[in-house]
Each structure stands twice: as C-alpha cells, then as structure tokens.
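J.: Given next are the chains, with one letter for each unit.
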Amino acid sequence: MSELRAQLLEWRAAVTRRLPPWWSRGLAGLLIVFGIILPFLFPSSGGFLNATIIAVAYAVMSLGLNVVVGFAGLLDLGYVAFYALGAYSLGWFGSGFFFKAQVHVGVSPVASTLPGIHLNFVLILIAAALICAGAGAVIGLPTLRLRGDYIAIVTLAFGEIIGVLAVNGQSIHVGSGMTLTAGNLGISAVDSPYFPGIGSFGLLDLRPWYWLIFAVLLIVLFVNLRLRDSRLGRAWVALREDEVAAVSMGIPLVKTKLLAYAIGAAFGGMSGAFFGTYYTVVNAAQFQFGFSIFILAMVIIGGLGSIWGAVVGGLALGYINNYLIPDVLNNIPSKLGFNFQLTAVEFGIFGFLLVIMMVLRPQGLIPERRRQLELTAEIAAADAQLAEVPGIAGGGT
Amino acid sequence: METTTISASPVAAITRPLAAVRRSVGRWGLIAALAALPIYYGITDLTNGYPAGVVAGHAVIHHDLSKLGFNFAEGLSNGAIWALIAIGYTLVYGIIELINFAHGDVFMIGSFTAVGLWGTLGLGLTTGALGLVGGLLVTLVITMIVTGSLNVLIERVAYRPLRGAPKLAALITAVGFSFILQNVGLLWRGGSPQSVNDLIRSQQPVFTIGGVPILRGYILALAVMIPLVFALTWFINQTRAGRAMRATAQDPEAARLMGVNVNATISLTFLLGGMLAGAAGLVYALYETNVWYFQGFKAGLIAFTAAVMGGIGNVRGAVLGGLIIGVIQSLADSRLGPQWTEAVVFGYLIAIMVLRPRGLLGEETREAG
Amino acid sequence: MSATETPAPPAVAIMRAEHVTKQFGGLVAVNEVSFDVPQHSIVSLIGPNGAGKTTLFNILTGLYRPTEGRILLGERDITHARPDQITKHGVARTFQNIRLFGAMTAVENVMVGHHARMRAGLFGSIFRPPWVRREERETRERARELLAYVGLREPVFERLAAQLPYGDQRRVEIARALASEPRMLLLDEPTAGMNPQESQALTEFMRAMRDDLKLTILLIEHDMKVVMGVSERVTVLDYGRKIAEGEPAVVRADPAVIEAYLGKQDS
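Residue numbers (the numbering used here), protein chains in the order written: chain W, 257 to 653; chain C, 40 to 408; chain V, 29 to 295.
Just chain W, same shape as in the assembly:
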C-alpha cells in the first residue's frame, strides 16, 4: 500500500517537475476567471447558483476558522458566535431595526427614506469585521493559558452564550423602546446591497449576489495567502507547534494568539453579514452549535491549516449541504425502501464523514503545504534516518 503511495507521489513529482514554474499561479488565475464567468453558465435564479453562493460564503467562513484552528492551532468550537455577530451587524446597521435612529450612508434612494440605520453594505462589512475582531479577542482572552481541549470547551461555552443572547436579546432594551435583537422572530426587511450605478440587489437575479460574495472570497483569500507566508503566519505556526519554544524565540504569546482569534473572527463576521442580507432575515434560530461543527468539518476535511483546503472544504460541504442532499439525493432512501428523506440524516452523514476523515486521512483532502512536504519527503527521510546512526558525523548530507 505504501509502495503504491510512493509510486503515486513519484509520478506527481515527475509531472510537477515538467510544468513551468508559474503553473500554480496560472492555475489559480484560471480558477478565478472561471469563478467570474460561472454565473453565465447557469440559470440566474436557479437552485445551483443559490447553492454556489452559499457555498462560497461558507468557504469564506472556513478560511476564517482555518486561521484560528489551522494556522494557530486553537480549537475554537464556538465559531457560530461570529456568524451571529456578523449577521447582527447587518441587522443593526442595515435595516429599520433601530427605528429611532435616522442614519443613511450610501444606500439606495428608497432606503434613504426609511427609519433606522442604513449603511452601505461595504461599510457594514467593515463594521462586521471590526465588531467580530473585537469579540474574537474577548473570547480568546480567557483561553490564552489553557490547553487544547479546554480551549474547545470555553469557546463552545461562549458560542452558546451568544446564542442565548441572540434569543433573549428581544427582552434586552437598548433605549427608546428598541431591543438588542428580535429573538426568534428575527430582524427582517434587511437592506439588500446597493451600489450606485448597479442599484439594489433583487431576489430574482442571483448573479450580483454571487459576484459580491466571490469578491469577498478573493479578498479574504488574498489576505490569508499574504499572512501565511509572513512573520505573523510563521509566528502562528510556531505557537501551534511548540508554545514554549515559540515564546523563547521572542514571539509574544498574548498578542499573537489574540490576533489569530481576531482575524479569524473578522472573516466569519464578513461572511455572516453576507448571509444576513442574502437570507433577508436575521433570527436567533440560525445560530446553533451545530453550525460551529459544520464549519470545523469544512476546515478539517479540506485540510487543517491549508488555505486551498479550507476553500475546497467550504465549497464541498456547502454544496453537499445545500444542493446535493436536499436537491439531488434527497429521494434515495425512499427509492431504497426507507421512509425518510436524506435531509433527515444529514447530521449523521456529516458525523460519518468526520469520523471517516479522521481515521483514514486526518491531514485532509489538500494537506497544508508544510505537511505536504512532509508526505513527499517521507520516503527520502526514512532512508536518511535508517542510514543515520546517532552521533556520527553530525553534518548534513
């Protein structure tokens, strides 16, 4: 079995050697172009485009969580909190919810006449990112000295508390008869994104929505790639690998970890704000613990710490959850004689996928570049270590 693997790796290395040095960039460019023209290949209001939009938004979330769990190695099980805060940022600053206020910045002529706070979607994105960055730092603060599984529990607890606040927010008054949230009823009638020259996004033509979230994805992707190969990115990996050694090398623990939480949260918030406007409602029932695990599954299945892995994981699970299971495969159990729909066992399917993934391929579909080096170098290293007798001629080969 490992011989087969070695053979495959060699073929892959041989092929990669033959490609011109810019091949990975070329591939990325091709994917981006494909991404841009994608809406023209499918009906503009169909289920597939809808699923794609949601999948891309999940990919943004996945990239965010990947910073926290993948880069910095901090197991955050409460990521739903940032989805919630991002969505509420939209609910607060892009609707008539705070009806006593009259703030309008860069919104459509229609929205300019409505009560409430109405900011341009780009401003809301920024607000969501900032709010979530702050919240991420606050949530991360108590976890700084804790070991891995305790970090998981504390972040999970925070996620649940945010959920409780979302539901009970309808009885938390913030002045002049306004409340913090609208609980399970939800903040509805939220603004659609509006850009001068393009107008307001409607619900029939999904293409502008797609391009919007695709643009967000590209931005988040860019930031991720830059961070990964930077001083900060290395610091995160160092802390993840060996915290004691990392601080001894001059990496400030608190600041570096908090930055990971904050950045990861900011991405989640941006995606959350998008979901808020895309679903046209922000209600507390959207924010359950299961969502945190869902996003975590994307990161894990894609490949912990791997940027492209996070994107692939997000897209894959997004499609499975919103298209494959409900639209394509839903009737399979009934065809097999069972009397339930596939959506009913969705949970179980995800659970099963997680278990299988961890047992068979814990490094994910697209392993982190560094772990990938590990895999390809495995054979060479095995040979080297067999030949190496400790203590003799310590110099390198």
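Think of the hints as simulated: they come from the structure by calculation, not from any bench. Cβ atoms here follow ideal geometry from the backbone N, Cα and C, with glycine treated the same way. Don't take each hint at face value.
For each label pair, taking beta carbons as the anchor points, the in silico distance ranges come out as [claimed, not checked]:
#1 W:S590 to C:V245: 48 to 56 Å
#2 W:L592 to C:R195: 25 to 33 Å
#3 W:W278 to V:R156: 16 to 24 Å
#4 C:H97 to W:G433: 49 to 57 Å
#5 C:R195 to V:P157: 50 to 58 Å
Keeping the supplied structure of chain W fixed, place chains C and V upon it in accordance with the hints.
T.: Okay, now just chains C and V, sitting in the frame of chain W:
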C-alpha cells in the same frame, strides 16, 4: 508546570491582575462564588419575600426559605442525573485525556432504550407496584448493558485508531459520533420532545420537609445515584481492575510495564462510564417523562461543566459538581427564568476555566503546551 | 580554561542572579542561588541530575518566575519579564530536548528566531510594502547564512525540521537562537548525544561563536571534558544550591563537588 510572567503592556493591564486574582481565588474562592447565588437568594427570600400564589386577588408573599429549599431539592435531584453522566466524562478524561463528546448522546440513547423496553416489557400506567419495580430493574440492567457496550464500541472504532494522533483528531471523531448518534435518535423518535408514561408518578410528593415537598422523582434520582456511585467507588478502590484503572490514569506507560492490559482497562473505563450514562437515561425518562433526541447534547454540556467544576479526573468531584450545577440550574430557572439558565451555567464554566481550571477537588492541571 | 587567554580583569557581569529561589509546592528546586556571568565569557553550569540546572535556565529565560530573588540583565531587572521580552533584550537559548518547529523547514525555523528583531505587523504582512519585502528577504538570507555558519549544507535548508537527523537538528536550534541577535546564549546540554569528535567540534565552535559574534555563553553540561575544555568559570549546583564556583581546575578538585557527584564523573 510552566507559567509565563507578565510585564508592562496594555494587555497586561488586564492579564496581570487576572493572574493575581487567579492565585488568590483558590478553592475557597470558588466555593464562595458558587455559594453566592443561593446565599443571595436566601437572603432576599427572607427579607423581601417571594410570590407564592394568589389568594382572593392578592399575591401571597412568603418570607421563608422553602423556595430555596425547593431549589435545593429539585437541584440535587437533577444534579444526581448530571452526576451520573459527569462521572463518565471524568473517568474517560482521566484515563486518556479526551473529552468524549459523544457521551451525552450515549445518555440519550439510554433514555430511548429504556422507554423502548418499557413497551416491550409491557410496563404501563396500570402495572402493579411489584411488577413495576421488577420491570424497571430489568430495564435498568439491560439499558446499562446497551449503553455500556455502545460506549465501548465508540472507543474501539473512533478513539483507539487515533490514539497516537493529535488530540484534535480524536475530538473531531468524538463530535462526528455525537452527530451520528443524534441522528439515530432523530430517526428513532422524531425531532420533537416526546412525552412518555409517567410510570412512577414522579411529581407525586412523598413527604414534606420544612414546607418543601419531596417528590418521588427526587427520591428516585438519589436512590439510583447513591448506590451506583458507591459501587463504582468500591470497584475503583478495592478491585484489581479498579487499581489498573487508577494506574493507567496516572501513567499509562508505567502501567503497561507493570503488566496492566492498558487497552482492556480503557475499554473497561468506557464500559463503566457508559453504564452510568444509561442509568441516568432511565432516571431521566422516569423523572422528566419526556425524551428528545437533542437531550444528550444539552445534558452533555451541563454534565461536562459539572465534571470540570468538581475537578476533572476525580469521581467524587464529578458527583459534587453535578449536584452543584443542578442547584445552580434550579436557582437560575426559578429566579432568572429558564431562558437564561444556560448562559448562567456556561458563565460559571468559563469563570472556572479561567480562574481555577482544576475545579474544586482536582489536582493541578497542566495548562499550556 | 582557554589556554592562550588570560581573562580580562573584573569583567562587567552581563547577567546576575541574586538569591534566586524556586519552589514548586513543597519541593525547593533552586535554593538561594546567586551568581553572575561575566561578559564575553563562557561559563558552565554543572551538577548531578536533578540539581536544578534546567530549572535555573527556565528562570533566567522567563519561563518560570522565581519564588524569591531577582535576575539582572546588565542594568535591567528581568525577574518579572516574559520570555519573549527577555529574548528581545538579548538572551537566547537552546533546549535539552530539541524543540524545533517540526512543521517548518530549517530556514523557516531560523527565520522565526529572528521574529523579535523584525517589525512587520499585521498590516505590513498583508500589504507587503517594499520595506516588508526587503525585511523578509534579508531575514531569509540571514537565516541561510546562519545555517551555513553552524555547519549545515544547502540541501538541508528546505527540509522539514522534523526530518533532519539529530545532529543537524541541534545545529538548527543553535542557528535559530543566533537569529535573535543575542548578547547572551544559553545552551542546555548542547553535546548530549554526541560522540567525542563532535563534542570537540562543538567546543571549538562555541569559542568561535563567542569571538565572532561577541557573545557570552552559559551552558549546562554533563560532559566534563567539554566543561574543562571550554569554560572560564564553572558553577556547580547540587540539590538546588550552589556548592562551588570558580576556575574549572579548582572546581574539579573541590571535595564538595566530588562528593556531590559521588564519583559518577563523566570524562
């Protein structure tokens, strides 16, 4: 145990006093924080009184401790259920340093199995006392076997293959299994809470202490928990297998060298934890008279909080933690409203993790790295 | 002691420990230890296993906070400083059990060592203005230079640290420590696992480092040959207490030291 020291910086303005608070909190600080809630409400009950019904259009205000007493009675009984589940968490964590995320759902399967057995055994509202007791005992035994085996199975399939892998992998698998089990529950009894026969009339008061009615359900919960905890403690302390468990929890490698079959010991730990969760499941079904596929997730988090509060790895701590959490829950339910209870419990969890991760009775834990 | 050099008259102490005590619950690991390390010297810290040497190292580098006493680096009190701050002030270390970042290459490991001397922050990392790009380039080049300096060869540079042979890993660790541009280097059992030739090479290398890079070196060692060969001063700990200090030959003959080792001397 490596601690890093803090010096001047804006974040240090928060973390340095925090570290100082942490050191001084200690066990008594934690106890004080826990006792604060009941003491506060006891005092307000006595001074301001609390509403206890309406007579002739006027609200009746009592100035006694019986509402607090009720909180304790209800709390300790609910807490007994959490204690049984918490023991499972604490045993597993003590031996392989893993949070068995699926444990709460094993509890749920226990409830479902018990209710199913009632049907099979023909236990109903009209069953005579003797038949009922006998039937429930049979249900208890079978349920415990089922859940114990389920827990062992999960360990074999999900955790053992990943024993060498990073902890994250095992945690993920645990979560995966949790979802699988929840889905099983969902398919078995649907998505909404399902009410079941109130076989023992759990809300019927048996006697009253100081104005606080002691219900059958309370007695049931404690009557099941106390013997099981004693049996478990005896087992761990007095038998060879129990000694093996303790040794493996302290140092698996050394235990292995001393001839302990570590794999079998770990399976045994899962078996015992699973059995207790099954017992808890039966008690829950009798006490709450409804079951729900999602009950395991909720119970799991509460029980885990209890295990941590008492001191992870410590059975007595798990029991203590469970009882305390039960009381806190009851207080939050009746004073703040059930919509806030979860936030209160988790608030306590976070506070404990930050200020005293080893809980009330636990040993100093390794914190970072 | 180094044969050809007479030690300079009372050198400035670069680091001084004053009455440092460290207690873990009931165990006193370090007991009222006072000593100083003269600038540009090579000082060895020796003692039987469990004497508290690594604990003392951990205190000096900020991983532990002493129960009592204080530590001075030059004029600065670093008793309460964090490890990353101490590194910034010019103290770097290696570890008894090698602690490299396994998921990173040798070069990246050394680049991490340079973290405290770099200035690129969050926004610098994202937008990569010219100064950041230059900083990255220079850091990478410097890392490669350091790896070469410690005796590694090109093909090894981009290998994952976890895959390097033991001897190479030790060298990478030293290169990583040097990357922080320290004034003082703490080496925890640097010759562990080495054969006599390698130990000798390392001894000479330590002298070279001290001279080339103007370093002060404090090392924990069990190999007496190394200790005798490279140190200008030897400090001996036993059960957490300092029991002897002075020139190597003197310390070696000290009856208290001999007794502490109970004849279990390596040589």
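J.: Starting from the hint 48 to 56 Å, judge whether the C-beta atoms of S590 of chain W and V245 of chain C obey it.
T.: 50 Å, holds
J.: Go ahead and decide if the range 50 to 58 Å is satisfied by the Cβ distance of R195 of chain C to P157 of chain V.
T.: 55 Å, holds
J.: Using the Cβ atoms, figure out if W278 of chain W sits within 16 to 24 Å of R156 of chain V.
T.: Given about 19 Å between the Cβ atoms, the range holds.
J.: Does 49 to 57 Å hold as the CB distance between H97 of chain C and G433 of chain W, or does it fail?
T.: 32 Å, violated
J.: If you check the beta carbons of L592 of chain W and R195 of chain C, does the distance land in 25 to 33 Å?
T.: 28 Å, holds
Taken one by one, the earlier hints fail for this structure only at number 4.
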